[in-house]
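Q: Below, each chain spelled out in residue letters.
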Amino acid sequence: MHELLKGKPGDKMLLLGNEAIARGAIEAGLAFATAYPGTPSSEVALNFYQIKQESDLYFEYSTNEKVALEVAAGAAVSGLRTMVTMKHVGLNVAADPLMTLAYTGVNGGMVVLTADDPSLFSSQNEQDNRYYARLSGLPMLEPTTPQEAKDMTLEAFDLSEKLKLPVLLRTTTRINHSRGIVTLGKIRPRQTQGSFKKDPFSYVTVPAVSRNLHIKLIQKYDQALQLSNQSPFNEIIGAGKWGIITVGVSFDYVQDALEDLKAKGSFSILKVGFSYPFPEEIAKKFLSQVEKVLVIEELEPIMEENLRAVAQTLGRNIPIQGKGIGQLNRLFEYEPARVRTSIAQYFGLPYQGRPTVDLSNVPPLPGRPPNLCPGCPHRSTFYAVKQVAGDEAIYPTDIGCYTLGLLPPLSMADFLICMGSSVSSAAGFAKATGKHVIAFIGDSTFFHSGITGLINAVHNNHKFTLVILNNETTAMTGHQPHPGVNMALLGQPNTQISIEEVVRGIGVKQISVVAPRKVKETKEAVQKSLDYNGVSVIISQEICPLYAKRVAPPAKTRTFMVSESRCKNHRDCVNLFACPAFYLEENRVKINENLCIGCAVCSQVCPENAIMPRK
Amino acid sequence: MNIKRIVFVGVGGQGNLLSSRVLGEAALLAGMPVNVSEVHGMAQRGGVVESAVVLGGALSSIVSDGEADVLIGFEPSETLRALGKCSKETTVITNVTPLMPFTVAVGKGVYPDIKEALKLIQEKVKRLIALNADALAEEAGSAMAVNIVMLGALAQSNTVPITADQMKEALKMNIKQKLWDTNLKAFDLGFEAASKV
Chain A
1 MHELLKGKPG DKMLLLGNEA IARGAIEAGL AFATAYPGTP SSEVALNFYQ
51 IKQESDLYFE YSTNEKVALE VAAGAAVSGL RTMVTMKHVG LNVAADPLMT
101 LAYTGVNGGM VVLTADDPSL FSSQNEQDNR YYARLSGLPM LEPTTPQEAK
151 DMTLEAFDLS EKLKLPVLLR TTTRINHSRG IVTLGKIRPR QTQGSFKKDP
201 FSYVTVPAVS RNLHIKLIQK YDQALQLSNQ SPFNEIIGAG KWGIITVGVS
251 FDYVQDALED LKAKGSFSIL KVGFSYPFPE EIAKKFLSQV EKVLVIEELE
301 PIMEENLRAV AQTLGRNIPI QGKGIGQLNR LFEYEPARVR TSIAQYFGLP
351 YQGRPTVDLS NVPPLPGRPP NLCPGCPHRS TFYAVKQVAG DEAIYPTDIG
401 CYTLGLLPPL SMADFLICMG SSVSSAAGFA KATGKHVIAF IGDSTFFHSG
451 ITGLINAVHN NHKFTLVILN NETTAMTGHQ PHPGVNMALL GQPNTQISIE
501 EVVRGIGVKQ ISVVAPRKVK ETKEAVQKSL DYNGVSVIIS QEICPLYAKR
551 VAPPAKTRTF MVSESRCKNH RDCVNLFACP AFYLEENRVK INENLCIGCA
601 VCSQVCPENA IMPRK
Chain B
1001 MNIKRIVFVG VGGQGNLLSS RVLGEAALLA GMPVNVSEVH GMAQRGGVVE
1051 SAVVLGGALS SIVSDGEADV LIGFEPSETL RALGKCSKET TVITNVTPLM
1101 PFTVAVGKGV YPDIKEALKL IQEKVKRLIA LNADALAEEA GSAMAVNIVM
1151 LGALAQSNTV PITADQMKEA LKMNIKQKLW DTNLKAFDLG FEAASKV
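Heads up: the protein sequence lines correspond to chains A and B, in order.
When we follow this note's numbering, the leftmost residue of the first sequence carries the number 1, and every step to the right adds one.
When we follow this note's numbering, the leftmost residue of the second sequence carries the number 1001, and every step to the right adds one.
What the hints contain is simulated information worked out from the structure, not anything from laboratory work.
Computed from a predicted model, the values in this text were never measured in an experiment.
Mixed in with the good hints, there may be bad ones.
Claimed, not checked - Below, a list of computed lysine to aspartate or glutamate pairs in the DMTMM-like style, where the Cα atoms sit at most 25 Å apart:
(1) Lys-6(A) x Glu-1169(B)
(2) Lys-1108(B) x Glu-564(A)
(3) Lys-1088(B) x Asp-260(A)
(4) Lys-1108(B) x Asp-414(A)
(5) Lys-1088(B) x Asp-56(A)
(6) Lys-1126(B) x Asp-358(A)
(7) Lys-1004(B) x Asp-56(A)
(8) Lys-1176(B) x Asp-572(A)
(9) Lys-12(A) x Glu-1169(B)
(10) Lys-1108(B) x Asp-572(A)
(11) Lys-6(A) x Asp-56(A)
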C-alpha cells in the first residue's frame, strides 16, 4: 500500500511538505487531480500518480498547466473535489483559465497549488505568485510547516466549497522540500461521480454573462474577507509592544529569531496564513496593540502595502517597515540569520551571533556545476550541431535538462525565457539577424508549449531549424510521462503520440530523425537542415539513460577506455565533448569506467581513434 | 530543549537525502522535534547537494552560515566549500576520498590538496573526524554506502542526542530488506572508524 494511505488518524510521519499536501488532499476526499510537473511542486503530483495505481483517484499528467486547470475545471464544475499542482511559472501558463474560472466558480472544492521558488533553485525567475490572488480575486492560503501544509490543504477544499471558488495554496521551495513531523487525520470518502446541471448563463462567459459574474466575484470577496478575519490561520501571538507581521516560511525564522534574541515577551506577531483577502480586522487589532512594526515576507512587499493601507484607514500613524531594513529586501529567500539580524537591528536588540570561521585562507575550489550525465544523448546532439553550425549560429533553447548545454565547453544556449520560447523566439532571431538559427526543445516541452510556435513558424514562412530532443520522458523533474511517452513501458495502455507525425501534420517539409549517438549521420542531418530554405526539424531520438535504467534496462554495455599508445593528447574528448566520465591522471585523459555507460560517442570524437571499447 | 543543527553536503548521487531523512526519522523514533530541508531538481545533476536536519524544537529547517553544530561532508572538497556553515564550535565529519569535479578535468579548476585541506579545517573548528568512507563502504560490500558510513560516524561522534540503535532502526525503515546487512555493516564500520580518530 502507498505510504501516504497507510497511516491511521493520530499517527505521526516525517513528511516532505509536498507529501503532506498530497496526504491533506487525500484526507479531504480528493477525487480528481491534474498536474504538469515542475520543481518544487513535482512530488505532490508524483504521489497522486502512484496512489492512482491502487485506488479510484483520477489523476493525469496533463500536457501543460493551462490544460491541467481546464480539465480539472470541468470536473470541479461537475461537483468533484479537484486539485491542480504546478510551479509558480506554471500558473502563468494557467493564468488564462484561472482568471475566468474565478468568474464561473466551481461546485466541488478545487485547490490550485502554486509552488514558488524564491532564490531560483530550479526556475527561470522568482516571481511572487501572491499577486495572482489579487489579480484573480481568489482566496490564498500559505502554510508555514509541512503540518500546516496538510491542514491548509484540507481547509482549502472546505473553503472552496463554501465560496464556490478555486482556492490558491501557495508554497515556497522551503515548504515543499522540507520534512517535518505531521500528525495524520481521517481520510474522508472519495466522491468520484459528478453531475453537471446545465446553466449557460452562469458558465458561458460571454460579456452579458460575465458582467453579472464579476459582480458575484466581488460579492464573494466580501464573504472571503469575513472568513479570513475569522480564520484560525490568521493569528496574533503575544501581546508585546513591538510588532512583526509575517507569512509562510518566514514565520519559522521569526519564531526562532525571537527565541535566540530572548525577546519573545516584547513582541506581538501577526502570523498570516489565510493571506488573501488580507485579514484587515485582525490587522487593525494588531496595529492597535503595537507601537512599531516590521514586516517579514519574502520577495515583494505585498503585506507591507496592505498593512500600511489598514493603518491609514485606522488613522494609526506608527512606523511600519519591511523592505530596506537590515538584510530584508525583495531578492531571494530569507533564512534564519537574515531575519534575526534584521529584527535585532530594527528594534535595537543586542545580538552577538556565532561568527563564521575565517575563510580567507581556504583555497579556491573547483566548481561543481550540475552537468549532463555521462552518456546523455543531449550532449551528443549538441556536439554534432556545434561541429556543423559553429559559434556563429544562434541557439535559442528551452526548459529541461538540456538547458545545461549552456555550460562550456558545449555553450549551446543563447536565449531562454519560458517553456516553448525556443521555437517562437527562433523565428524572431532568424528574421532580425539573417543568421542560422537552431533552436532546441525537449519532447515534454514540445508538447507543453512548442507545437503552437512551430505552427506559427510554418504559417509565417520562417527559416530556422528546430531540434527536438526526444529522450522519451520528462527527465529534469523526475521522469514523468508526457503525451509522447511509450506508456507500455510503464505498464499502462499505450497512448503514445508520435512527434514525427505531429511535425509532419503541421506541414514541416524537411524532417530528419536521427540517433544522436551516430555522430556522422547527425552532422549530415544538421547540414541538410541548415541548407533548407524554410522550417526544418531534426528529431534527435534516444531514451534518457537514467530513465532507461528504470524502465527498459539496456543489455550489458561495454565501457570504453583510452588507448595510451594511440592517444596523442589532442583532448577533443575533454575540450569539445566533455563527458563527465573523463578525468585527467598525470596529464593523460582517462575514462572513469564506473561512470561510462558505453554510448561510444567519444570514440567518434577522437581524431586518433584512441577511445575503444574494453575487450 | 537544546537545538542541534546538522548540515550534510555531498555530490549528486552520493545519497545525501537518504542520510538526512534517516536522521530525521531516527529523531521521530526518539520522540524529538525535527525538521529536515532538502535540495531537489536541477541541483541534482552531478552538482552539489546539501540537506540539513534541525533537532530540538526550532521551526526553521535550514541552517545559516556559521550556525551548524555538525557539518558532514561526503566529499572533502565539498566539506571545504561548506566551511562557511561552521564556527569554532562546529564538529566536522568528513570523507577523505575525492570525487573529482569535471571542471578539474577540463582545466577549469585545481583540486585542493587533501592533507592541507584537513589541516586547515582542523585549525578552524572544534573537532575534525576524517575517515575514508569510500574504503569502508567497499569493505561493507557496497560502494554506494558512503552515506551510511558517514551516519555511523555521526552516531559515534556524540554530537546529536540520538543513539546508534535509533539511527539503525530508521535506516532499516528506509531501505529494502535485502540491503540491510550491507548497510548496517557500513554503519558499524563508520561508527568504529570514528572512534579511532
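Q: All hints are to be evaluated individually against the structure, with a verdict given for each.
A: Structure-based check of all given hints:
At roughly 19 Å between alpha-carbon atoms, Lys-6(A) and Glu-1169(B) fall within 25 Å of each other, so this suggested pair holds. About 24 Å separates the Cα atoms of Lys-1108(B) and Glu-564(A), which keeps this hinted pair within 25 Å; it holds. Using a Cα cut-off of 25 Å, the hinted pair Lys-1088(B) and Asp-260(A) holds, with the two alpha carbons roughly 19 Å apart. Annotation: proposed proximity of Lys-1108(B) to Asp-414(A) holds, straight-line Cα distance about 21 Å (limit 25 Å).
Distance check on the hinted pair: Lys-1088(B) and Asp-56(A) sit about 55 Å apart at the alpha-carbon level, beyond 25 Å; violated. Between Lys-1126(B) and Asp-358(A) the alpha-carbon distance is near 13 Å, which keeps this suggested pair within the 25 Å criterion. Taking the CA atoms of Lys-1004(B) and Asp-56(A), the gap is about 43 Å. The hint is violated against a cut of 25 Å. The hinted pair formed by Lys-1176(B) and Asp-572(A) fails the criterion: a straight-line CA distance of about 43 Å is larger than 25 Å.
About 16 Å separates the Cα atoms of Lys-12(A) and Glu-1169(B), which keeps this hinted pair within 25 Å; it holds. Under the criterion of a C-alpha separation no larger than 25 Å, the hint pairing Lys-1108(B) with Asp-572(A) is consistent with the structure, at around 15 Å. Pair hint Lys-6(A) plus Asp-56(A) holds up; C-alpha atoms about 16 Å apart against a cutoff of 25 Å.
Hints 5, 7, 8 from the earlier list are contradicted by this structure; the remaining hints agree with it.
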